[in-house]
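Colleague: Here the protein sequences line up with chains S and V, keeping their order. For the first sequence, our numbering assigns the number 8 to the initial residue and increments by one for each residue that follows. For the second sequence, our numbering assigns the number 54 to the initial residue and increments by one for each residue that follows.
You may find that some hints are simply not true.
Below, simulated DSSO-like cross-link-like pairs (lysine-lysine); rule was C-alpha separation at most 27 Å, straight line [to be verified]:
hint : chain 1 : residue 1 : chain 2 : residue 2
1    : V       : K333      : S       : K94
2    : V       : K333      : S       : K160
3    : S       : K209      : S       : K160
4    : S       : K160      : V       : K366
5    : S       : K126      : V       : K182
6    : S       : K135      : S       : K94
7    : V       : K379      : V       : K333
8    : S       : K208      : S       : K160
9    : S       : K88       : V       : K366
10   : S       : K172      : V       : K366
11   : S       : K24       : S       : K160
12   : S       : K127      : S       : K88
13   : S       : K94       : V       : K289
Note that these hints are calculated values from the structure, not bench results. Because the structure is a prediction, the values reported are computed rather than measured.
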Amino acid sequence: MKILVVEDEPEMMGLIKQFLEDENYVVEEASDFQSGLDKIISYDYDCILLDIMLPDGNGLDLLQELKNMDKADSVIIISAKDSLNDKIKGLDLGADDYLAKPFHIAELNSRIKSVIRRKKSDGFRLLKLENVSINIEERLVQVNGQLIDLNRKEFDILVFLMTNKSRIVSKSALAENIWGDYIDQSNDFDFIYSQIKNLRKKLRNYKADVDINTVYGMGYKLSIK
Amino acid sequence: MKLLNHTLLFLSLILFTTVGLWAFLFNSQLLRQVKTTIDKGLENYKIVIIDKLKDDSVVIEQEVFLDNNYIVKSVSEDYALQVRDTYKDTLIFSNLKNTSYQVRLLTTAFIAADGNYYEMKIISNELDKGELVSKIIISLLWLFLFLFVGTLLVNNFVLKNTWKPFYEVLIYLNDFRLDKSTYRELSETRIQEFSLLNESIQNLLKTNVDIYNSQKQFIENASHEFQTPLAIGINKLELLAGDDNLHAEQTEKIGEIIEAFQRISGLNKSLLLLSKIENKQFSSEELVNFDEIFCKIIHDFLDFSDFQKIKIKYFKEDTCLYKMNKDLAEILAMNLVKNAIIHNQQGGELIIRMESRSFTVENPSDGPKISTDKLFKRFNKSSNKKGSTGLGLAIVKAITDVVGLSISYTYCNRHIFKVSKADKIFSSIL
Chain S
8 MKILVVEDEP EMMGLIKQFL EDENYVVEEA SDFQSGLDKI ISYDYDCILL DIMLPDGNGL
68 DLLQELKNMD KADSVIIISA KDSLNDKIKG LDLGADDYLA KPFHIAELNS RIKSVIRRKK
128 SDGFRLLKLE NVSINIEERL VQVNGQLIDL NRKEFDILVF LMTNKSRIVS KSALAENIWG
188 DYIDQSNDFD FIYSQIKNLR KKLRNYKADV DINTVYGMGY KLSIK
Chain V
54 MKLLNHTLLF LSLILFTTVG LWAFLFNSQL LRQVKTTIDK GLENYKIVII DKLKDDSVVI
114 EQEVFLDNNY IVKSVSEDYA LQVRDTYKDT LIFSNLKNTS YQVRLLTTAF IAADGNYYEM
174 KIISNELDKG ELVSKIIISL LWLFLFLFVG TLLVNNFVLK NTWKPFYEVL IYLNDFRLDK
234 STYRELSETR IQEFSLLNES IQNLLKTNVD IYNSQKQFIE NASHEFQTPL AIGINKLELL
294 AGDDNLHAEQ TEKIGEIIEA FQRISGLNKS LLLLSKIENK QFSSEELVNF DEIFCKIIHD
354 FLDFSDFQKI KIKYFKEDTC LYKMNKDLAE ILAMNLVKNA IIHNQQGGEL IIRMESRSFT
414 VENPSDGPKI STDKLFKRFN KSSNKKGSTG LGLAIVKAIT DVVGLSISYT YCNRHIFKVS
474 KADKIFSSIL
């Protein structure tokens with residue numbers, strides 16, 4: 008899996024690169040519009056993380072170039088500008104997703120995986136970990152081939168945690184992902200606990216090899232027994 | 054009142070008083086003229102009669118007005134000498150017509166050829182003053198009608214034409230939106246004052262558009278500058294927290310730092326949102342259904358409210374529709390609901406009432422009534438509840454101000470926030 012990161016902020020670039028390499032992606036860097044354009048013309052990528060504000064141009068123009076070349080690379084716009092206009096423009100130009108800074112690493116991870124998953128053929132749309140497998144399209148979860156009945160939120164939590172396996176997922180990242188933008192800024196995310204508790208109970212009942220651990224003060228982590 | 058009607062009213066009032074005054078003067082002047090003319094005639098007539106009578110050797114006394122329109126009677130010298138020619142209006146009874154009629158009467162005295170003194174009274178022809186006056190009044194009414202119609206025509210054609218640039222400016226200003234940077238020129242006008250007005254307005258708007266744009270730019274840049282270091286900080290800490298060599302306490306500390314960062318980020322977002330709202334950067338409008346919005350938000354907050362054991366009750370009398378930006382409507386409803394949950398009692402309830410022209414969000418509270426002028430101020434926290442930024446109600450107020458809704462707060466054992474539609478003034482002017 009090859010990912011191009013177009014980002015002018017060196018610290019941010021370093022961070023994203025470190026995290027993507029942890030996830031075993033091949034990472035290419037471009038720190039300005041011109042080098043980004045060169046890379047887009049020369050290579051194909053599974054996913055491009057695109058910052059809109061670049062020192063020598065606008066990331067949206069890069070997106071336009073990509074579209075003009077009829078390339079099918081998936082694009083996730085990463086912008087510090089939480090501007091609705093840019094979001095609409097970006098998605099209209101064919102971007103797959105839009106993520107406003109600051110974001111959680113877990114959220115970025117989840118978005119990249121989901122974008123890449125959409126491109127794959129159906130057979131690969133399964134998320135598997137030990138004896139748990141999730142069919143995201145059909146929203147089905149099986150443990151040892153046995154279907155578990157999860158409600159919508161429990162399902163989304165499990166997918167988010169599975170995508171970010173062995174990573175600590177903060178409560179706020181989880182809340183924003185599952186409950187949406189309404190909940191952000193509310194800081195008090197304890198209400199997530201009841202959903203987690205139910206999900207954990209169901210996983211244990213079905214003897215899943217994964218468990219949800221609470222990391223005190225931070226959030227949750229999916230671990231393998 | 055429309056400008057045209059206003060001028061029409063004033064013109065009519067002025068017209069009515071001046072024409073009325075003029076009519077009065079004209080009437081009395083005319084009547085006086087008529088009397089003078091008649092009196093002159095009587096005087097001439099007198100001379101003719103006296104001349105005729107003088108020649109007669111015997112003056113025949115005539116006691117009643119017959120064909121001759123005069124009476125003559127002999128009087129003493131003393132009496133005759135003190136008689137001066139006098140004219141007066143009088144009523145004469147006519148046997149023929151069997152009715153009284155108004156005439157002008159001249160009383161005079163003369164000395165005849167026989168040396169005797171005589172008093173003579175001469176009457177004019179019938180003088181119908183009433184008819185004269187009514188004729189004059191009718192003509193004046195016609196005149197007034199013509200003048201009024203004339204004023205109407207002047208108003209509708211001349212004034213409307215004259216004020217046209219003014220109405221154009223009015224429509225232009227009404228349509229003008231800072232955020233829609235479609236800046237167009239006003240059409241030229243030959244009237245100096247209007248062309249000056251147009252110029253001033255265009256200069257004013259241009260300055261505003263420039264300021265607005267630079268401010269918008271500044272806000273976006275500030276947002277960018279803040280969010281990137283925050284993103285770096287949060288993400289570095291998240292990566293650090295994933296390090297397996299850390300103790301549980303260290304991870305917890307990292308979690309606290311992330312939380313603090315996130316608080317800054319949230320505050321930054323809220324402040325940016327506030328300035329965006331106040332700068333009217335949410336431009337697109339559509340007919341928003343608050344019923345749908347509240348249903349969605351109640352659903353989204355269900356887990357949150359359940360956890361706090363708060364019961365949300367929704368009473369819908371009618372749907373509340375309002376033309377505004379949909380994102381703002383959602384932010385408005387969300388902040389009200391969130392506010393009512395955060396400042397609720399454990400196990401309390403949250404009541405939302407939807408009516409056609411307003412909606413209310415109510416929650417019980419242990420706290421006392423909050424002073425209204427403080428309530429919507431930024432960073433005014435009544436309590437140190439977790440999750441309160443002190444900006445939620447400021448955002449609500451900013452939104453209602455911008456979109457022309459009004460919000461009121463009342464307290465009766467619970468906090469009641471009522472958002473209602475204000476009557477739009479502009480709709481009927483043009």
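Colleague: Honestly, which of those hints from before does the structure not fit?
Modeller: Checked against the structure, the hints that fail are numbers 2, 5, 6, 9, 10, 11, 12, while the rest are satisfied.
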